[in-house]
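Visitor: The residues making up each chain are set out below.
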Amino acid sequence: MGQKILLDKIHIPGIKTYDVYRQNGGYAAVEKALKHMTPDEITEEVKTSGLKGRGGAGFPMGMKWSFIDKKSGKPRHLVCNADESEPGTFKDRYLMEHIPHLLVEGMIVSSYALGCNLSYIYIRGEYMWVYKILERAIKEAYAAGWLGKNIQGSGYDLDLHVHCGAGAYICGEETALIESLEGKRGNPRIKPPFPAISGLWQNPTVVNNVESISNVPWIVLNSGADYANIGHGKSTGTKLISASGHIKNPGVYEIELGLSVDEFMNSDQYLGGMMNDRPLKALVPGGSSVPILPAHLIYKTAANEDRLMTYESLSDGGFATGSMLGSGGFIVYNDTACIVRNTWNFSRFYHHESCGQCSPCREGTGWLEKVLWRIENGQGREEDIELLWSIQSKIEGNTICPLGDAAAWPVAAAIRHFRDEFEYHIRFPEKVKDRNHFTAEPFSQVQHLMHKQTL
Amino acid sequence: MKVTIDGHELEVEPGTTILQAARMMGGESVPPAMCYYSKLKGSGGKCRACLVEVSKGSEADPRPMPKLMASCVTGVMDGMEVKSITSEKVLDARKSVTEFLLINHPLDCPVCDQAGECDLQNLSFKHGKSQTRYIEEKRTFEPEDIGDKIQLHMNRCILCYRCVMTADQLTDERVHGVVNRGDHSQISTCISKAIDNEFSGNMIDVCPVGALTDKTFRFKSRVWFNKPFNAHRNCPTCSGKTTVWMFGNEIQRVTARKDVYHEVEEFICNSCRFDHKEVSDWTIEGPRKFEKDSVINQNNYTRPLIPVTIQTEDHILKGREEDRKKISMKDIPLTPKNS
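Chains A and B supply the protein sequences, listed in that same order. When we follow the numbering used here, the leftmost residue of the first sequence carries the number 1, and every step to the right adds one. When we follow the numbering used here, the leftmost residue of the second sequence carries the number 1, and every step to the right adds one.
There could be a bad hint or two in this list.
[Stated by the list, open to error] DSSO-like cross-link-like pairs, simulated, lysine-lysine; straight-line CA separation at most 30 Å:
| hint | chain 1 | residue 1 | chain 2 | residue 2 |
| --- | --- | --- | --- | --- |
| 1 | B | Lys-325 | B | Lys-241 |
| 2 | A | Lys-35 | A | Lys-70 |
| 3 | B | Lys-227 | B | Lys-277 |
| 4 | B | Lys-95 | A | Lys-370 |
| 5 | B | Lys-39 | B | Lys-215 |
| 6 | A | Lys-64 | B | Lys-67 |
| 7 | A | Lys-184 | B | Lys-2 |
| 8 | A | Lys-184 | B | Lys-56 |
| 9 | B | Lys-67 | B | Lys-149 |
| 10 | A | Lys-433 | B | Lys-138 |
| 11 | A | Lys-16 | A | Lys-139 |
| 12 | B | Lys-126 | A | Lys-191 |
| 13 | A | Lys-184 | B | Lys-41 |
| 14 | A | Lys-370 | B | Lys-67 |
| 15 | B | Lys-138 | A | Lys-370 |
| 16 | B | Lys-277 | A | Lys-64 |
| 17 | A | Lys-64 | B | Lys-41 |
| 18 | B | Lys-67 | A | Lys-47 |
| 19 | B | Lys-129 | A | Lys-370 |
| 20 | A | Lys-35 | A | Lys-9 |
| 21 | B | Lys-2 | A | Lys-71 |
| 22 | B | Lys-89 | A | Lys-191 |
| 23 | A | Lys-370 | B | Lys-89 |
| 24 | B | Lys-41 | A | Lys-191 |
| 25 | A | Lys-191 | B | Lys-39 |
| 26 | A | Lys-191 | A | Lys-64 |
| 27 | A | Lys-431 | B | Lys-2 |
| 28 | B | Lys-193 | A | Lys-74 |
| 29 | A | Lys-35 | A | Lys-4 |
| 30 | A | Lys-191 | B | Lys-2 |
| 31 | A | Lys-35 | A | Lys-16 |
| 32 | B | Lys-56 | A | Lys-191 |
| 33 | B | Lys-126 | A | Lys-370 |
| 34 | B | Lys-41 | A | Lys-71 |
| 35 | B | Lys-149 | A | Lys-191 |
| 36 | A | Lys-184 | B | Lys-67 |
| 37 | B | Lys-129 | A | Lys-184 |
| 38 | B | Lys-41 | A | Lys-70 |
| 39 | A | Lys-191 | B | Lys-67 |
| 40 | B | Lys-67 | A | Lys-234 |
I should point out that these hints are in silico values taken from the structure, not numbers from a laboratory. Source: prediction; values computed, not measured.
Work the whole structure out from these sequences, hints included.
Guide: Below you can see the structure in the form of C-alpha cells.
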C-alpha cells in the first residue's frame with residue numbers, strides 16, 4: 001500500500017465534523033504556517049515539492065503561485081476550482097464530501113502564502129449537497145476562529161466563500177470561472193492578461209484545483225522535500241484517480257505516482273482486474289478529453305517500457321502512441337464497448353458544453369457530433385472518417401480556450417487507433433443498428449468481415 | 001517598436017496589436033476581421049478569422065509562438081516577426097474558419113439586405129470553397145421581433161458580440177445579449193423587450209453579416225442599385241455626418257460612413273438614421289467612394305462610359321443572324337441604336 005496524503009484519515013468516523021477533524025491533527029498546518037512560517041517560505045516549500053496542478057493541465061503549482069503579481073498592491077484572491085465536470089472524473093467530489101475541512105485548511109494556508117484576504121471556492125451547481133457540506137465546514141471554521149479577522153491572534157485576516165456555479169463545464173476553465181464568479185456569462189477570457197496579473201475583478205488571482213490545494217497542508221506540516229520524495233521522477237506525490245468502467249472495483253483511489261498501470265488495474269488492492277473477466281479493449285487514463293489508448297499501448301509504451309501512472313509515462317510517445325494523466329478520470333473499456341458510440345458520446349458532451357464564443361469550437365463541435373451520430377447509427381459514408389479527421393484538426397489549437405482541443409483530441413485518437421471500427425460501422429450498417437451491437441458480437445469476432453473482398 | 005509582417009518592416013507604438021499594425025501597412029497582408037471592431041472596447045478574439053503565425057516572439061524572446069495567434073488581440077513586441085499570407089498554416093486556418101462560419105449560415109444572400117456589403121461574403125469569396133462538406137440540416141432559430149426599427153435574423157448571426165458591445169458602450173442600458181450556449185447561443189432580448197435606445201441603430205452598422213438589418217430599408221433595394229452620397233445635417237445628438245443611399249430622388253437608407261474595413265467613422269443617432277429621409281433634410285456633400293473592388297461601385301460611375309469596340313469578325317460575337325430571333329419584346333431591337 002502506497003503512502004496516503006489526502007485519504008489518510010478518510011475512514012475515521014465523523015471526520016466531516018470540525019471536532020473530530022481537529023482531534024485528529026486537523027488545522028495543525030494553519031497553526032504552523034501562521035506562527036512559524038512566512039508566506040514566501042510556504043511558496044518555496046510548494047515549489048520544492050514539485051506538486052503539479054491536479055486539475056488536468058499539470059502546471060507546477062509553485063510556479064503558478066510565484067507568477068502572482070504582488071508588486072501592484074492590489075488585493076489578491078485565491079479561487080479554488082471545484083467545478084469538476086470532466087466526464088469520468090469524480091475525485092474532488094469524494095474529497096469534499098468526506099473530508100471538507102481538509103480543503104478549508106488548505107485554502108487558509110494557501111491564501112496565507114499568497115497574501116489573499118478574500119478567497120473563494122467555486123463549486124459546480126450539480127454538487128448542491130457538497131456545497132452545503134462545505135458551507136457547514138466553513139461555518140465551523142469561522143466559529144473556531146480559523147477564518148475571519150485576526151486568525152488565532154496572528155493578525156492575518158481571511159474570508160472564505162463558497163460560490164455555486166450554474167452547471168456549465170466551461171466554467172472549469174479558469175478565466176471562464178472568474179467571469180462566472182463575477183456574475184457574468186461564463187465565457188473564457190482572451191489571454192494575456194493571465195489571471196495572475198488581472199483576474200477576479202481585475203485583481204491578481206490564482207485558480208487551483210481542489211486536490212492541489214488539499215495537498216498543501218501536508219506539505220506545510222512536513223516539507224516540500226518530503227513530498228518530492230514520494231512519487232516517481234518529476235511526478236511527485238500522490239494522485240487521486242477516479243476509476244470507472246468495466247473493472248471489478250470502481251471508485252476513488254489515492255496512488256503514489258509511479259505505480260505501474262498494470263498493477264493499478266489488476267491488483268486486488270486497486271481495481272482488481274476486468275469485470276466479468278472480459279478482455280481489455282481500451283483505456284481513457286485522464287478524463288474524457290485525453291486521447292484514448294488501445295489495448296496494446298496500455299501496459300507498455302511504444303518503446304516497450306512499462307507504462308507508469310505518471311505525467312511523463314502516460315504521455316510518452318506524444319499523441320501518436322500516448323495519452324495524458326489529465327485529471328485522473330480513469331475509464332476502462334472491455335470488448336463489449338463500442339468506441340464509435342463512446343466517441344460520439346464524448347463529442348455530444350463537448351457540443352453541449354461549448355460556450356459558443358469562438359467559431360471553430362461553436363460550429364466544429366456540433367459538426368463532429370452530427371457526423372459521429374450518423375456513423376454510429378449506420379448512416380455513415382466512407383469519406384466521413386476523413387471529414388472527422390479534418391474537422392478535428394481545424395478545431396485543435398485555433399480556439400480561445402482548451403475546450404476546443406479537448407473536443408478534438410478524443411476524436412483524433414479514436415480514429416488513429418480504432419479506424420477499423422469506424423469502417424465497420426460504415427460498411428455494415430445493419431449490424432450496428434442496435435445499441436448493444438458489440439455485446440453479442442464483440443468486434444474481434446466480426447473483424448474478419450473487414451478483410452473480405454466485396455464488389 | 002519594430003515589427004515585421006510578411007517581410008515588411010514597420011515602426012509602431014507600443015500597445016498596438018498585430019492587426020492594427022497590419023492595417024497601418026495595408027495591402028494583402030491585412031488579416032480579415034469578423035468580430036474585431038476598433039471603435040468598440042474589448043472586441044475581437046472570437047471569430048478566429050484573423051489568426052496569424054508569430055514566427056519570432058520578440059527580440060528578447062525569439063521563440064516562435066506555439067499556436068496561431070488572434071492578431072486583433074495580440075500586442076506587438078519589439079522585433080516580432082509575423083507571417084500572415086506567407087504562411088500556409090494561416091491560410092489553412094482562415095479557410096477552416098470560413099468553412100465553420102458558413103456551415104450554419106443560410107445561403108440567402110439573394111434576399112439578404114446585407115448582400116454587397118457583407119463581411120462574410122467577402123471572407124468566403126476570398127477563402128471559401130465552392131463545395132460544402134456539411135450534409136446535415138442547418139441550425140435554425142425561431143424568428144424574433146426585437147423592435148420596430150431593427151430586424152433580427154438570428155440564422156445569419158456569426159456571434160461576433162459586436163452589437164452587444166455597441167449596446168454596452170454607446171447606450172445607457174443594454175436590453176439584449178447572448179443567451180444560451182454553444183451553437184445554440186443567440187442574440188436575444190430579455191423578456192421580449194424592444195430595443196428602442198436612441199443609438200441602437202448602430203447595431204445595424206456594426207453587424208458584419210445580415211443578422212441585424214434596417215427595417216425601414218427592408219427589401220427596398222439591393223445596395224448596388226443605390227447611389228451613396230456623403231451628407232450631413234445639423235443634428236443635436238450626434239455628428240450628423242452620414243452616407244445617404246439614394247434611388248433616384250428618394251433617400252432609401254441612411255447609414256454611418258464606413259471606412260475600407262467597414263468600420264464606421266462616427267456613430268450616428270437613430271433620428272438621423274430612421275427619421276430623416278427627405279432630401280431636404282440633408283446637405284449632400286458628394287459621392288461616397290468605396291474600395292475599388294466593392295460591388296457597390298457597380299452603379300456608382302464616376303467617369304463617363306465609353307463603349308468598347310471589339311475588333312473581330314462579324315459572326316463571332318453576335319452569332320448568325322438567323323439564330324438571333326427575338327422571342328420576347330419584339331419591338332425593341334436586339335442591338336442598341338448607338339452601337
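Visitor: With reference to the structure, classify each hint as holding or not holding.
Guide: So, going through the hints one by one against the coordinates:
Between Lys-325(B) and Lys-241(B), the direct Cα distance comes to roughly 52 Å. Violation of the 30 Å bound is thereby established for this hinted pair. Taken as a hint, the Lys-35(A) and Lys-70(A) pair is honoured in the structure, with Cα atoms around 22 Å apart against an allowance of 30 Å. For the proposed pair Lys-227(B) and Lys-277(B), the alpha carbon gap of about 14 Å is at most 30 Å, so the pair holds. Under the criterion of a C-alpha separation no larger than 30 Å, the hint pairing Lys-95(B) with Lys-370(A) is consistent with the structure, at around 21 Å.
Straight-line distance between C-alpha atoms of Lys-39(B) and Lys-215(B) comes to about 24 Å, which keeps the hinted pair within the 30 Å bound. About 21 Å separates the Cα atoms of Lys-64(A) and Lys-67(B), which keeps this hinted pair within 30 Å; it holds. About 38 Å separates the Cα atoms of Lys-184(A) and Lys-2(B), which puts this hinted pair outside 30 Å; it is violated. A threshold of 30 Å between alpha carbons decides the hint, and for Lys-184(A) with Lys-56(B) the separation of about 36 Å lies outside it, so the pair is violated.
Distance restraint check for Lys-67(B) and Lys-149(B): the Cα-Cα separation of roughly 42 Å exceeds the 30 Å cut-off, and the hinted pair is therefore not satisfied. Restraint check: the Cα-Cα separation between Lys-433(A) and Lys-138(B) comes to about 25 Å, which is no more than 30 Å; the hinted pair holds. Only pairs whose Cα atoms come within 30 Å are accepted, and Lys-16(A) paired with Lys-139(A) is accepted, the gap being roughly 13 Å. Of the supplied pair hints, the one linking Lys-126(B) and Lys-191(A) holds, its CA atoms being roughly 29 Å apart against a limit of 30 Å.
Using a Cα cut-off of 30 Å, the hinted pair Lys-184(A) and Lys-41(B) holds, with the two alpha carbons roughly 17 Å apart. Distance restraint check for Lys-370(A) and Lys-67(B): the Cα-Cα separation of roughly 27 Å lies within the 30 Å cut-off, and the hinted pair is therefore satisfied. Only pairs whose Cα atoms come within 30 Å are accepted, and Lys-138(B) paired with Lys-370(A) is accepted, the gap being roughly 11 Å. About 60 Å separates the Cα atoms of Lys-277(B) and Lys-64(A), which puts this hinted pair outside 30 Å; it is violated.
For the given pair, Lys-64(A) sits about 29 Å from Lys-41(B) by alpha-carbon distance, which is consistent with the 30 Å threshold. A C-alpha spacing of about 28 Å is found between Lys-67(B) and Lys-47(A), which places the hinted pair at or below 30 Å, so the restraint holds. For the suggested pair Lys-129(B) and Lys-370(A), the alpha carbons sit about 21 Å apart, so the restraint of at most 30 Å is met. Of the supplied pair hints, the one linking Lys-35(A) and Lys-9(A) holds, its CA atoms being roughly 25 Å apart against a limit of 30 Å.
Annotation: proposed proximity of Lys-2(B) to Lys-71(A) holds, straight-line Cα distance about 29 Å (limit 30 Å). For the given pair, Lys-89(B) sits about 21 Å from Lys-191(A) by alpha-carbon distance, which is consistent with the 30 Å threshold. For the hint pairing Lys-370(A) with Lys-89(B), the CA-to-CA distance comes to about 26 Å; that is within 30 Å, so the pair holds. Between the alpha carbons of Lys-41(B) and Lys-191(A) the distance comes to roughly 16 Å, so the proposed pair stays at or under 30 Å and holds.
Annotation: proposed proximity of Lys-191(A) to Lys-39(B) holds, straight-line Cα distance about 21 Å (limit 30 Å). Proposed proximity of Lys-191(A) and Lys-64(A) is supported: the alpha carbons are some 15 Å apart, at most 30 Å. Proximity of Lys-431(A) to Lys-2(B) is assessed by CA-CA distance (about 63 Å); at most 30 Å being required, the pair is judged violated. Restraint check: the Cα-Cα separation between Lys-193(B) and Lys-74(A) comes to about 39 Å, which exceeds 30 Å; the hinted pair is violated.
Proposed proximity of Lys-35(A) and Lys-4(A) is supported: the alpha carbons are some 26 Å apart, at most 30 Å. Taking the CA atoms of Lys-191(A) and Lys-2(B), the gap is about 23 Å. The hint holds against a cut of 30 Å. Restraint check for Lys-35(A) and Lys-16(A): the C-alpha separation of about 26 Å stays at or below 30 Å, so the hint holds. For a cut-off of 30 Å, the pair hint linking Lys-56(B) to Lys-191(A) stands: about 19 Å separates their Cα positions.
For the hint linking Lys-126(B) to Lys-370(A), the alpha-carbon distance of about 28 Å falls within 30 Å, and the restraint holds. With a C-alpha separation of about 27 Å, the suggested pairing of Lys-41(B) with Lys-71(A) holds against the 30 Å cut-off. At most 30 Å may separate the alpha-carbon atoms for a hinted pair to count; Lys-149(B) and Lys-191(A) exceed this at roughly 37 Å. The suggested pairing of Lys-184(A) with Lys-67(B) holds, with an alpha-carbon distance near 28 Å, which does not exceed 30 Å.
Between Lys-129(B) and Lys-184(A) the alpha-carbon distance is near 37 Å, which puts this suggested pair outside the 30 Å criterion. Restraint check for Lys-41(B) and Lys-70(A): satisfied, since their Cα atoms lie roughly 27 Å apart, inside the 30 Å limit. Straight-line distance between C-alpha atoms of Lys-191(A) and Lys-67(B) comes to about 13 Å, which keeps the hinted pair within the 30 Å bound. Simply put, Lys-67(B) and Lys-234(A) have alpha-carbon atoms about 26 Å apart, close enough for the 30 Å limit, and the pair holds.
Checked against the numbered hints given earlier, this structure breaks hints 1, 7, 8, 9, 16, 27, 28, 35, 37; the rest are met.
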